[in-house]
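Work out the full structure: start from the sequences and follow the hints.
The residues making up each chain are set out below.
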Amino acid sequence: MRPFTYERAASVEAAVKSAAQTPNAKFIAGGTNLLDLMKLEIETPAHLIDVGRLPIAGIEDTADGGLRIGAMATNSHVAADVRVRSRYPVLTQAIVAGGSGQLRNKATTGGNLLQRTRCAYFYDTSKPCNKRQPGSGCGALEGLNRNSAIFGASHACIATHPSDMAVALTALDATVETLSPSGQARSFSILELHRLPGETPDVETHLIPGELITAIVLPPPPAGGQVYRKVRDRASYAAGLASVAVAGGNLALGSVAHKPWRAEKAEAALALGSSPVEAIAAELAEATHSSRNGFKIDLLRRLVPVAVAQANGGEA
Amino acid sequence: MSSVLDWEATPNPVKENRAGNIGKAVDRYEGPLKVTGTAPYAYEVEPPSPPAYGVMVSAEIAAGRITAIDTTAAEASPGVRLVWTHLNVPPQGPRPERYDFFTPSPRPALQSDRIYFFGQQVAIVIADTLENANAAAAKVAVTYEADAPMAIFHDHLDEGVQPPGEQDTEIGDFAAGFAAAPVTIDDVWRTPLQNHCQMEPCATTAWWDGDHLTVNTSVQMVRFAQNSLAETLMIPAKQVRLLTKYIGGGFGGKGSFYEDLVLAALASRELAQPVKIAFTRQQMMHGTVHRPATVQHVRLGATPEGRLTAMSIMTVTHCDSRGNFTEHASNFARSLYAAPNRLTGHRLVRMDLPVASAMRAPGEASGTLSLEVAMDELAEKLGIDPMELRILNEPDVDPETGKPFSIRQLVRCMREGAQMFGWGRRNLVPGQVRDGRWQIGVGMAAAIRGNMLLPAKCSFSVDAHGVITVRQGMTDIGTGTYTVLAQIAAETLGVPLGDVRVEIGDSELPPAPGSGGQFGAATAGSAALDAGMNLRKAITEIAVADSASPLFGGPSQDITFQDGVIAIANRSERLADLIRRNRPDGLTADGEIRPAADARNWSQHTYGAHFVEVGVDTVTGEVRTRRMLGVFAAGRILNWKTARSQLTGGMIWGVGSALTEGNSVDPRYGSLINQDLAGYLVPVQADIGEIDAIMLDEVDDKANPMGIKGVGELGISGAGAAVANAIYNACGVRVRDYPITPDKLLAAIMAR
Amino acid sequence: MKTTITVNGEARALDLDPRTTLLDALRETLRLTGTKKGCDHGQCGACTVLVNGTRINSCLSLAVMHDGDAVTTIEGVGQVGALAPIQQAFLTEDAFQCGYCTPGQICSALGMLAEVAANQPSQETTDLTGPIRLTDDELRERMSGNICRCSAYPQIVAAIRAVSGLPA
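Chains as they are written, first to last, in the numbering used here: chain Z, 1 to 316; chain G, 1 to 752; chain L, 1 to 168.
Accuracy of the hints is not assured; some may be wrong.
As the list claims (entries may be wrong) - Straight-line distance between alpha carbons at most 27 angstroms, and here's what the computed DSSO-like set of lysine-lysine pairs gives: (1) LYS139/G - LYS26/Z; (2) LYS245/G - LYS641/G; (3) LYS139/G - LYS39/Z; (4) LYS24/G - LYS641/G; (5) LYS537/G - LYS15/G; (6) LYS15/G - LYS641/G; (7) LYS245/G - LYS24/G; (8) LYS24/G - LYS537/G; (9) LYS2/L - LYS39/Z; (10) LYS2/L - LYS265/Z; (11) LYS26/Z - LYS39/Z; (12) LYS15/G - LYS403/G; (13) LYS2/L - LYS26/Z; (14) LYS744/G - LYS381/G.
To be verified - Covered stretches of chain Z (in silico footprint by chain L; criterion: 3 or more residues with CB under 8 angstroms from a CB of chain L, positions within the stretch not fixed): (15) 77-89; (16) 172-179.
Note that these hints are calculated values from the structure, not bench results.
Don't be surprised by glycine CBs; every beta carbon is placed ideally from N, CA and C.
Below you can see the structure in the form of C-alpha cells.
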C-alpha cells in the first residue's frame, strides 16, 4: 500500500467536508473492497476518512410504509432485519448470496453499492484496463471474458458490477440518499447511481467527488412475490455467473452489466401479458456477448422464467 | 539387501499390535498446538532478533528479457534496507541444465535478464517493516523486451515429444485389437492446469550465527532443500540448518522450494539481521508450480460380453521451457484392467509457462478423469453395469508386466461400496430422478495409486523417565506423520502414547525423504520401526546384564515391553528404572529402511472404489454433490482417524477437479487468468454433502515390514470421474472438458 | 498512529503505521501469530477473528479502524492444557490436517454459532421469518467463508455439531 493519512470522521458533515478539502481522499467504511484494492495499488488514496462509525447505521420505517437503511448498516445487519426479511425477502436473499459471513459482517450498505468490478484484467495490474488506467485498453475484450457483460458494454470496457445486494435494491426501486461536500443532501433512484462504461469506465457512478451515500430508502414492497436467484461455479463464496432479482413485476439482473441491470423491456413485456419466457427473450434480444460469455444469454433465458415462477409461489 | 519375503516372515510389534496402538483413532500429536494457534509456521518462528521483511517483485511478461530495471525509487523508499535484481544479487551456485526431482542442485534466484515465465521473480526488496517493503516493491520499475510467448497448449499438441528416457508401452497389437473390436470407445478428455493453493503461502525466516545459517521454511523434503540451498549459497551443507516443523499444506507444491528461501538466506547474511520473506497469494499462482493440463486420447475395444480386447490412453501434457516434468496420466492404466492389446504413453510440450510439477496424485488424478469415464461410457454401450464391467476385466496378474499383485482388493472395494451406498437401487436410465429443482444421478469409479518405499533413517531415544523420543528429518504436511510415528514408537517400546515425543522437520535429524507420492508413512514409519527394534535390543542387553535388574540373566528372547514395564516371565521392572540406573543420560538407537531387493517382483498399488450422488440443476447447469462414499484398500492402517481424513480430503479434491478447479492461460500474455482464491475456485464447505471413507482390513506384507501403504493420494484417484459419471446419470450428458462448470454443462444439456 | 485495542481481554496501546492491517498488527506487532494469513484479500478466511463478538476477516481491516474495539483471537479462545470445547472438538473429530486454516475456522465457528443464536439468516435459510434450524446444509453454508484446502470439511461439521448444542 502507498502511504496515506487516516482520520475518523466525527460526523457526516465533517466527513464530506474533509473529503472536499483533502486531495485524493477516500471514504472507508467496512474496507473489504477498498483495502483489497489498495494492497494491489489499484486504489491509491492519499487520505482515508473512516466513516464506519458514523451514526447512519440504523434501519427505520418510513412514513409511507417503506424502510430507510443507513449507509453504514452492515450487510449482515440488513439481511437479518425482521422487516427486511418479511417485506423484502429478495434483499435478504441477495445479501446472503454474496461474499461470506465474515465479509457481510464488515461490508456496509453504501460500500457494497460502490464496490468495484471483479474483472480479472482489472485486478491484474500487468494488463491493460481502461477502468484502472484510462487509455490503456481493455484486456478482457479479446481475452478470457467468461465473466464479462452482455448488456451495456462498450469497446472500452466489458466489466460487470459484482454486487448481489444492488441487484435486489434495483428490483425494489430503491432510492439513494447522499450528502455532498457543499452540505447539500439529495436523493435519486438507484438506477441513477451507476454508469455504463462508455468511453470512461473509470467513472463508475454519478456521485460527485466527495459525495457520501447516507442511506438507501425502500418504497413499500411491490405487489407480488420476490426471489433472488444466483448462479455460480461453486455453491458459496463465489461471484455470480448471472443472477436475477424478482420483486413483483420488477426484474433486475446481476453480473451481466457495468451496473445492476434493470430488465425494463422484460418488465414491459410482462406488464403487457407476455409469458416470462417471452419477456426475458425481449430483454435478451438486446444482449451482446464476447467470445466466452455467450452462455450468460442462454442461462438467463432459462433462469428468469423459473425465478419468476418461483417468486409467484412455484417450486424452488 | 533384505527381501520382502523376510519382512513377510518376521514378526514385529507393529504387526502384533499387543497394546493396540496401531490402527487406533488417535488424536493428532501436534493437534493441541494447531487448535490453539501456537504451532509456529515458517513466517511465525521467533528469530533471535527483530527481523527485516522481504517482498519479491514478479515478472509481468512470459518470455523475453529485462532491458532496464530502475530501483532508485524503491531504494529511496522509507525503511528500505536493500534492493536486489539480477544486476546486483550476490553470486550463487549455477543452475543445472535441467532439474531432477530427487537430486539436490543449486536453485539460484534473480539469475539473469532472461524471463522464462510470467511471475518469475525479478527483484527483492528488504525493509524494516512489511508495509514499507510492500510499498517499495511496487516502486521497482522494470522494462521488458517481450517475446510472443508460446502459451496455447492446445495449438501445439502435435509438437509433443517423448519425455526424456521414456517410451510408449505396447502389449500385443493395439491397432489391430482396436480395429477388430466389435464395441469401441474413442474419445478425448481434457484436464486443465491446476494450482495447489496450500493455505500457507511459501515463506521463510532466516538468520545467521557466524557462518552458520538457520532457515525456517515450508517444504516437504528436508534434506533435499537443505542440500540444494547449501549448493546455491556455495557453502557446506553442515552450515545450513533447515527447519520445517509445521507446514500449512504441501500437496506436492512444496516438494521443491522457491526464491523466498534463497533470498531470505542471502539477505539476512548481507544485512546481518534475520529476514522473513513470504509469497503473496497472487505470487503463489505463477511463482511456484502447478499441475499441467492434459489432453488424453482414450480408446477402448471390447467384446459384446464386455471383455476388453484393446485399451489405450495417450496423454499430451506440458511443462516449462526448461523443464522435463511429465504428468503421467496414462501410467495407472497399465495396471488397472486386463486387455490383451494395450498402448499407453505420453507426449510433452515445452512452453513459456510457469513450472509444472507434482500435485497430489500426479498422473492418477488427471488420468482417472478420462479412463474411468470411458469405462462408464463403454458399460452403457454394452448394457452392462459399470461396476460389473470393471469386475469382468479384473486381471489375475499385472496386465502389463505379468507380475503378481502383492495384494489386490479392488473388487472387494467395489462390492462392499456398492452394498453400503445402495448402488443396486439406482435408476439405469439417465435423467429419471428428481428432487425439487435438482435432477439426481449416481456414478462410480475405481481408484488406484501406486505404493513406494524409499530409503530413510530414524533414531529412538529413551530417557531416565522412560520417555521415548523419535527423531527423524521427516515432515508432516497435515498427513499425520507426528501422530503415526508416536503410535509406532508406543507400540514398539511398549510405552503409553503420552510417553512419546516426536521431533521432525529438522535437517540435523536422521534423514528421511519427506512427504510426497504417498510414500511418507511407510518410509518414515519403517525406519522408525527399525530404530525401535534396535532400541529394544539395546535395552534388553542392558537389562539382562544388570545384576540389579529383575531381568538379569535373561533369557533375552522372552523379554516383553508393555505399559512402560519390561518383563521376562514374571520378573519385571519399569523401563524408567532400568534406564535411570544404567543410562541416566538416556540411550539412543538408530534404524533405517531400504527398499527390498526383490520389491519390484510384485505389482503393488493401493485401490478403492468411489460412489457419488449428485444433483444437477438442468436449468442452470449447476452441480452439487449430495453423497459420496469411498471404500479403500491400502494395507494396514496406522491411524484410522488421520487416514480417513486423508481419504475424504482427497475425495473432495476430486470434486474440485470435476466441478470447479482449473486455470486458463491468456495466450497473449502467457499468464493465468485466476491469480487468487476468488478466481481459482477450490471447493468450499457448502460444496460437500455427506461423505465417508471406509478402509478395508488389509495387510500388504510385501510393501514394508509393517504391511502398511499410503493413503494421501488414493482418495483423489477416480473421485472426479465418479462425479462426472453421476452427472451423466442425472442428466444424460457428458462434458469431457474439465472442470464441468455450469456454462459447459448447460451447453451440453441444450445440445442434447 | 496511537491506537488502543483490547486483545483477548488485555488493552494494548499501539503506535501503528496506518497501513498496518489488523491481521499484521496481531501477527507482527503483537506477535499473536495464531491468526493466519492465507490470502490477505478476504478470499480464504484464515485470518478470521472476533471483533466485539462478531467474526470478520482481519486482513481486510486496518488496525487503526479498531481503536477501542475488543478483539478475540485464537489465543483468547483457549490454551494448550485448557482447550475450549470447540478446540477439543476440532481435535477429537480431526477437523484439520495442516492446521493453517484452523484458528480461522474455530473463530469463525464461534462467530457463526452466535449468529445462529441471534437468528441471522443464510442463503440456506428457506423460512426467513421463522427460527433458524442449524441443519448440516445451514452449517456448511455458514462456514463456507473458511477454506480448508486439506478439505477437512466433514470433520469440521462434526466438530461444530458436537459443541453447538443444537440438533441437526
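Going through the hints against the structure:
Proximity of LYS139/G to LYS26/Z is assessed by CA-CA distance (about 22 angstroms); at most 27 angstroms being required, the pair is judged to hold. Between LYS245/G and LYS641/G the alpha-carbon distance is near 21 angstroms, which keeps this suggested pair within the 27 angstroms criterion. Simply put, LYS139/G and LYS39/Z have alpha-carbon atoms about 13 angstroms apart, close enough for the 27 angstroms limit, and the pair holds. Distance restraint check for LYS24/G and LYS641/G: the Cα-Cα separation of roughly 8 angstroms lies within the 27 angstroms cut-off, and the hinted pair is therefore satisfied.
This hinted pair checks out: LYS537/G and LYS15/G have alpha carbons roughly 18 angstroms apart, not beyond 27 angstroms. Among the hinted pairs, LYS15/G with LYS641/G is consistent with the structure: their alpha-carbon atoms are about 19 angstroms apart, no more than 27 angstroms. The straight-line distance between the Cα atoms of LYS245/G and LYS24/G is roughly 24 angstroms, inside the 27 angstroms bound, and the hint therefore holds. Restraint check: the Cα-Cα separation between LYS24/G and LYS537/G comes to about 26 angstroms, which is no more than 27 angstroms; the hinted pair holds.
Between LYS2/L and LYS39/Z, the direct Cα distance comes to roughly 22 angstroms. Compliance with the 27 angstroms bound is thereby established for this hinted pair. For a cut-off of 27 angstroms, the pair hint linking LYS2/L to LYS265/Z is broken: about 55 angstroms separates their Cα positions. Taking the CA atoms of LYS26/Z and LYS39/Z, the gap is near 15 angstroms; set against the 27 angstroms cutoff, the hint holds. A distance of roughly 26 angstroms separates the Cα atoms of LYS15/G and LYS403/G; the hinted pair therefore holds under the 27 angstroms criterion.
Distance restraint check for LYS2/L and LYS26/Z: the Cα-Cα separation of roughly 21 angstroms lies within the 27 angstroms cut-off, and the hinted pair is therefore satisfied. Pair hint LYS744/G plus LYS381/G holds up; C-alpha atoms about 23 angstroms apart against a cutoff of 27 angstroms. With 6 residues bearing a CB less than 8 angstroms from a CB of chain L, the segment 77-89 of chain Z meets the requirement of three and the coverage assertion stands. A count of 0 residues in the segment 172-179 of chain Z with a Cβ less than 8 angstroms from any Cβ of chain L is obtained; the coverage claim is therefore unmet, three being the minimum.
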